[in-house]
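Visitor: Listed here are the chains, written in short residue letters.
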Amino acid sequence: MNSLWIFPGQGGQSAGMLKPVDAALRQHVEHLLNLKLLDSDEGYRDSVQLQVSIALQQVAQVNAMQAAGRKPHLVAGHSLGVFAAAYAIGSLQQDDLFRVVKRRAELMQGAYPDGYGMGVIVGLTRAEVEALVAQVNDPAHPVFASNQNAEDQTALSGELVAIDRVVALAKQAGAVLARRLKVPVPSHSPLMAEVGTRLAAVLADVTLAKPNGIYLTNYSGRAVRQVPPVREDLSNNLVHPVYFEAMMSVACDYAPDSIVNFSPGRPFRKVLGQKFGDLHQINLDQMSVSDAVFLLNKWERGTY
Amino acid sequence: MSEERDWTTHRQAKAAKLSAVSNKLSGKFAKTSDAKIILEGLIASGDKVVLEGDNQKQASFLSKALASVDPGKVHDLHMIMSSISRPEHLDIFEDGIASKMDFSFAGPQSTRVSQMIADGTLQVGDIHTYLELYARLFVDLIPNVVLVAADKVDKDGNLYTGYNTEETPVIVEAAAFHDGIVIVQANEVVDKLPRVDIPADWIDVIIPADEPYQLEPLFTRDPQNITELQILMGMMAIRGIYEKHNVQSVNHGVGFNTAAIELLLPTYGQQLGLKGKIVPNWEVNPTPTLIPAIESGWVQSIHSFGGEVGMEQYIAARPDVFFVGKDGTMRSNRAFGQVAGQYALDMFVGSTLQIDQYGNSSTVTNGRLSGFGGAPNMGSNPSGRRHSTPAWQSLRADDDPLGKGQKLVVQMVETFGSNKRPVFVDSLDAVEVRKEAKLQNVPIMIYSEDTTHIVTEEGIAYLYKTDSMAERQAAIEAIAGVTPVGLRSNPAVVKDLRERGIVAFPEDLGVHRNQATRSLLAARNMEDLVNWSKGLYNPPAKFRSWS
Chain A
1 MNSLWIFPGQ
11 GGQSAGMLKP
21 VDAALRQHVE
31 HLLNLKLLDS
41 DEGYRDSVQL
51 QVSIALQQVA
61 QVNAMQAAGR
71 KPHLVAGHSL
81 GVFAAAYAIG
91 SLQQDDLFRV
101 VKRRAELMQG
111 AYPDGYGMGV
121 IVGLTRAEVE
131 ALVAQVNDPA
141 HPVFASNQNA
151 EDQTALSGEL
161 VAIDRVVALA
171 KQAGAVLARR
181 LKVPVPSHSP
191 LMAEVGTRLA
201 AVLADVTLAK
211 PNGIYLTNYS
221 GRAVRQVPPV
231 REDLSNNLVH
241 PVYFEAMMSV
251 ACDYAPDSIV
261 NFSPGRPFRK
271 VLGQKFGDLH
281 QINLDQMSVS
291 DAVFLLNKWE
301 RGTY
Chain B
1 MSEERDWTTH
11 RQAKAAKLSA
21 VSNKLSGKFA
31 KTSDAKIILE
41 GLIASGDKVV
51 LEGDNQKQAS
61 FLSKALASVD
71 PGKVHDLHMI
81 MSSISRPEHL
91 DIFEDGIASK
101 MDFSFAGPQS
111 TRVSQMIADG
121 TLQVGDIHTY
131 LELYARLFVD
141 LIPNVVLVAA
151 DKVDKDGNLY
161 TGYNTEETPV
171 IVEAAAFHDG
181 IVIVQANEVV
191 DKLPRVDIPA
201 DWIDVIIPAD
211 EPYQLEPLFT
221 RDPQNITELQ
231 ILMGMMAIRG
241 IYEKHNVQSV
251 NHGVGFNTAA
261 IELLLPTYGQ
271 QLGLKGKIVP
281 NWEVNPTPTL
291 IPAIESGWVQ
301 SIHSFGGEVG
311 MEQYIAARPD
321 VFFVGKDGTM
331 RSNRAFGQVA
341 GQYALDMFVG
351 STLQIDQYGN
361 SSTVTNGRLS
371 GFGGAPNMGS
381 NPSGRRHSTP
391 AWQSLRADDD
401 PLGKGQKLVV
411 QMVETFGSNK
421 RPVFVDSLDA
431 VEVRKEAKLQ
441 NVPIMIYSED
451 TTHIVTEEGI
461 AYLYKTDSMA
471 ERQAAIEAIA
481 GVTPVGLRSN
491 PAVVKDLRER
501 GIVAFPEDLG
511 VHRNQATRSL
521 LAARNMEDLV
531 NWSKGLYNPP
541 AKFRSWS
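Residue numbers (UniProt numbering), protein chains in the order written: chain A, 1 to 304; chain B, 1 to 547.
Chain A with its partners taken away, still in its complex shape:
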């Protein structure tokens, strides 16, 4: 089957989400990273706990799918999700993934203690949002248009004061929705340049293999088949917007016949509907891997 596998980033996590994870794998990761995973609401307020746990949940789902004989033709990660995406397409090794994700979380944790974060504007085009951002952004109060999750949905990253100013302008300009997000870091903007440089140094020592399919990049919204752009995406995606809308547009050109949404949550419902219509979709947040495999096998046989 020509399947698109999608891996979200942070946002959909919940206490207890690691319960279905294979115990041996969890133990292996805890030992590898010297980190006891709490899988609790309090634990998930810690960036390292959160990012490693999401990666673990996604890797466990990938392993279970692959053990059942399923593999992707296309993979798309969103932010943190890029690591499991690169793993699923055979580019990044499992232990390397967990080491890199832990380091990424540590670097992000220390980057911006307070006063910075993200916002979102719905109902304006990216060009319109960029024009508003240009009115506000200055070195003392930096703000940037960041992730493009749908055509009419653009994120903001920067100083909170500046974000609030852009939000106010967006409301005046007729945005359907404009507000701050509960994200404590100005991710996916040039403000993360130092984190990107340090993470790139970590990735430089990691061996990546040529993808066994198509990898969709966050930083450019491109479909790629070679190692260098995958490495760039894993190293530097925090510095660039996630061009998720473009990733899904280009994925359409590969005419996937099914989509598998990995946990946690189901954040891309709207844009996937716009891009793919009523294409078959699996949501691993709502069903077990064995049910998912049953459905995929059934669709593949052409029986509905």
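Treat the hints with care, as some may be off.
As the list claims (entries may be wrong) - Chain B side only, calculated, beta carbon under 8 Å to chain A, not exhaustive:
| no. | residue |
| --- | --- |
| 1 | Pro108 |
| 2 | Gln109 |
| 3 | Arg112 |
| 4 | Gly367 |
| 5 | Ala541 |
What the hints assert, rightly or not - Subject to a maximum C-alpha distance of 27 Å in a straight line, what follows is the list of computed DSSO-like cross-link-like pairs (lysine-lysine):
| no. | chain 1 | residue 1 | chain 2 | residue 2 |
| --- | --- | --- | --- | --- |
| 6 | B | Lys64 | A | Lys71 |
| 7 | A | Lys210 | B | Lys73 |
| 8 | B | Lys244 | B | Lys277 |
| 9 | B | Lys275 | B | Lys244 |
| 10 | B | Lys100 | A | Lys210 |
| 11 | B | Lys465 | B | Lys420 |
| 12 | B | Lys36 | A | Lys210 |
| 13 | B | Lys155 | B | Lys275 |
| 14 | B | Lys420 | A | Lys275 |
| 15 | A | Lys270 | A | Lys171 |
What the hints contain is simulated information worked out from the structure, not anything from laboratory work.
Even glycine gets a Cβ: it sits at the ideal position worked out from N, Cα and C.
Given the structure of chain A, go ahead and fit chain B onto it with the hints provided.
Guide: Quick look at chain B alone, frame taken from chain A:
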């Protein structure tokens, strides 16, 4: 006296290439597993290569083989393709096997084409109409190698291309008579062909494919998805255009708007007493939604660009209507179909994604460089046309003694698209795309000067009747609904335009909105179409909602 020139360099180059792979050939035949080696031997870096990709039939085995060649041996090809349809058509640019592309249509790969042009990975020669691209194969884009697909070949190398002959003959001809190399992938090697579509003499190498070529049922529209708004627009078009202009010959685009018209002819058209009076002759792919009109005697002839999956048995049983060989199977021909569509038709009816305030339309939108398929040939007025028909004459301006008629070019659109974006815009996205893609011309699909009618759910604008750009804009505004263009409309002006017949609303045409219901469709689902066909139409699995 200068030295004697060698006049056979092309022939010698071809012979040298073929002799270099002769140990891999048995007669014209190569082994499936040798495809990569054959292509590496027969294609030289920098060659002009035509890879057959119609919008339905794809030389998919050869395109995969081409994507697997070593870029160290074969690189910087100049590809000439009517349709960029498959991912590997673009992979060859990423891998350096090819560097330049001349094409017509890129719908299925339009995002990636747009990205690769922006990245400099793909250099565009030009975007063409189909006929332009075929024409250049005989002038300044004469191919060195062509890669095409056949259904069946016999032991001598004759080809049967059958229903899906499409553009294979025109491509093969351009190479075969100018010392180009013709390489064919074949679904099947047989002792006896149903008929010969292309003679063995024109063919150099045949490679049996590992699986049948890709074929998509692109022109099938499920009647279940036709809306009542589309039915209303169809009724307006039948009354206000087909009947009014006495249209005899037509091409329909692939949308649901035209599918609605096809399914309204046997019902609403019958009520109006139009049977036998309008549209007996069609240049169109064998779309299943035509079955009720054929069965009820509306249609006398259909010539097609290509086949349509599932229609084979039905077509074979209706040779009075379709173009069918002595063997009983249909023959299509994309090049001749486009010639017919441009020169011999009274009317083209299509749809688009954007229309600007002046009436120019395009399917190129931000981030998607789609090209245009058949619309620009058929949706343009052939100004050199001589022969006269009542519909053509009905558009003649009466103030010019040397005047002549005009083809009807009709755009049918709802004022807002399925993405809830306005179709009527002040400026086409294509204007920006031209800058980004560094194209010489704005990629417009149908020019304002060629567009004679626009139909929306609000009414019809008879653009050919306008005598200034300001009047043309006012007519477009009158039917553009609550889009930014439509909101500029002035009620007094609209009243005047209606009185002068430049704009017509449903009530002006005697079309009753409350009659526009799905019960008016001659077939409301795929099963109805199968029943109309007396079981001869066999829908592909994805269109079967019953078992």
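Visitor: Tell me, in ascending order, the numbers of any earlier hints that this structure violates.
Guide: The structure conflicts with hints 11, 13, although it agrees with all the remaining ones.
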